[in-house]
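Let chain A serve as the given structure and place chain B on it in line with the hints.
If you read the protein sequences in the order shown, they are chains A and B. All the letters of the first sequence, read from the start, carry residue numbers 1 to 256 under my numbering. All the letters of the second sequence, read from the start, carry residue numbers 1 to 301 under my numbering.
It is worth saying that the hints were derived from the structure and are not from the lab.
Listed below are several chain B residues computed to face chain A (Cβ distance under 8 angstroms; list not exhaustive):
(1) Leu53
(2) Val74
(3) Gly77
(4) Ala81
(5) Leu83
(6) Leu91
(7) Gly94
(8) Thr95
(9) Phe103
(10) Val104
(11) Ser106
(12) Leu107
(13) Tyr108
Simulated restraints on C-beta separations:
(14) A:Ala249 - B:Asp165: 34 to 40 angstroms
(15) B:Arg119 - A:Phe36: 48 to 54 angstroms
(16) A:Val205 - B:His210: 51 to 57 angstroms
(17) B:Asn41 - A:Val176: 35 to 41 angstroms
Take a look, some chain B residues computed to stay more than 10 angstroms from chain A by CB distance:
(18) Ala23
(19) Glu159
(20) Glu182
(21) Val250
Predicted model only: the values in this text are computed from it and were never measured. Cβ coordinates follow ideal geometry from the N, Cα and C atoms, glycine included.
Residue strings, one per chain:
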Amino acid sequence: MKTHRPPLASFLAFELRRVLRSPAILVWTLAFPVVFYLLNFANKTNNRGAQRWAGTTWPVYFMVSMCAWAAIAAAVNAGGARLAAERANGWTRYLRLTPLPSWAYAAGKLLTGAALALMAALALALIAGAAARPQLPASAWAAMILACWLGSLPFAALGILVGLAAGTSVAEPAMVGTVLVLNVLGGLLWPLPVFPHWLQGIAKVLPTYRLVDLGRAAVTGHALNPADMAFLVAWTLLFGATAAWCYRADQQRLIG
Amino acid sequence: MPTKAILDVQGLRRRFGSTEAVAGVDLRVAAGETVALLGPNGAGKSTTLAMILGLLSPTAGQVTVGGRAPRQAVADGLVGAMLQSGAGTGLPSGTRVGELVRFVASLYPAPLSPAAVLRHAGLASLAERKVGGLSGGELQRVRFALAICADPRLLILDEPTVGFDVPAQRSFWETVRAFAAEGCAVLFATHYLAEAAESAGRVVVLHQGHVVADGTVDEIRRTVAIRRVRFRAPDTDTVALRALPAVQQVRQADGVISLDSTDSDATVRGLVRSGATFTDLEVTGAGLADAFLALTCEEPA
Chain A
1 MKTHRPPLAS
11 FLAFELRRVL
21 RSPAILVWTL
31 AFPVVFYLLN
41 FANKTNNRGA
51 QRWAGTTWPV
61 YFMVSMCAWA
71 AIAAAVNAGG
81 ARLAAERANG
91 WTRYLRLTPL
101 PSWAYAAGKL
111 LTGAALALMA
121 ALALALIAGA
131 AARPQLPASA
141 WAAMILACWL
151 GSLPFAALGI
161 LVGLAAGTSV
171 AEPAMVGTVL
181 VLNVLGGLLW
191 PLPVFPHWLQ
201 GIAKVLPTYR
211 LVDLGRAAVT
221 GHALNPADMA
231 FLVAWTLLFG
241 ATAAWCYRAD
251 QQRLIG
Chain B
1 MPTKAILDVQ
11 GLRRRFGSTE
21 AVAGVDLRVA
31 AGETVALLGP
41 NGAGKSTTLA
51 MILGLLSPTA
61 GQVTVGGRAP
71 RQAVADGLVG
81 AMLQSGAGTG
91 LPSGTRVGEL
101 VRFVASLYPA
111 PLSPAAVLRH
121 AGLASLAERK
131 VGGLSGGELQ
141 RVRFALAICA
151 DPRLLILDEP
161 TVGFDVPAQR
171 SFWETVRAFA
181 AEGCAVLFAT
191 HYLAEAAESA
201 GRVVVLHQGH
211 VVADGTVDEI
221 RRTVAIRRVR
231 FRAPDTDTVA
241 LRALPAVQQV
251 RQADGVISLD
261 STDSDATVRG
271 LVRSGATFTD
281 LEVTGAGLAD
291 AFLALTCEEP
301 A
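Isolated chain A (complex conformation) (with noise of 0.2 angstroms):
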């Protein structure tokens, strides 16, 4: 018998195979984004050589948009459809009576989350980088994935809040609802300006625009706005605490 391991590591390494054995996931996850940004980094209305999307070519804007979209669509997966099928199957309570603490649990599946919005984040780079060659310091492609990837935190708790909260049937419609509306009022397929004023208002509130928004700071070297990390960081308390409060609510509900 090899040493006692502690349960948090079991849990993430289970996770992380059982996601990675199914590369669907990764797959359908970068194909909306991927196919999106091929479409549209050589797009002439947009005057790709010009230096006025935030202070960099639209080729390096819109790559950060579709990173955020990856780093996004992949962190939504540490809950979602899988969860909710997990806790209406009895797993989800089954775990609770292994040594597995509920804390443990929740990180666990962050963790997933977070692992698989990295390896999405990388990917996009990657490929993005390979299409339209933008020129850039490394350390300009580094600042972009780790803002995307530390920034899709709060995803991963919603997709767990979803989950928790959604039926199986509509657990994967509604992620997938929520993460279009929020993409979509966050500025990343078209940018803000283009929207009405009221509706600008109700975006830079949005966890996807402050995400979005501290890529554009990173991949330029720009100062990080300190409101979006706070932004961000009350999204997924935010997302988190109610995430918890499911959870118990869903404990009781299990066994009443």
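Same frame as chain A, but now just chain B:
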């Protein structure tokens, strides 16, 4: 109790809104003992088991497993459980049997080796199979395997063979017995009388949140003391029979009258005094099935 108790439940109560699902349960299970918790749906079996496992906190009373609080006993690997799964498999999709067992075993401080778990559960040849492709009986073996990963001192099984045919039920219990023979106590809930009688040395009957009988099948039969008085009678007045002393229930089929009585002597004396004509009188024990009905039916009409 002959030996030290692995499970000690005292004055356990649980209220959900206005209904008291568990209304004062006392239960001790000795090390190595196999006990059936018998009762109809809604008797409080699952709620009792959930409190024993620390999934649910009692409104009143206390539970200790191996002298520890339920959550501590779970963390220490003293207790393993197989609860009723909902619609699906109860297992995460896409995983392999051996992988699941290795993962669950790795959570415990002093687990059985995964190979031993698979052997005990009769799954050695299925280790590389994905859980999605298993039959109902095989899935139940996987759930059993996960329950014994901890090398527990107490196994909790909540209606483990519900929906099984008789051969699958037998084969499942052979597996449980073989494992329990190594010194593990088993407490299982069931509403199958035959399962309780065949698989447990001791039966605890739960009704509306109360323990209404506790003992061997024979003891319960004697405690209840329901006897069946049967005879043939050409023309009968069931209303008059119902009025005989100690009669609980009257049944009539093909000219054979069957009376359930709490005092068969008094019933027979009353029958003779009534002047009714009858033949082929016999008095028998009612068996656990009827004892169970007498225990768990509402007041007979």
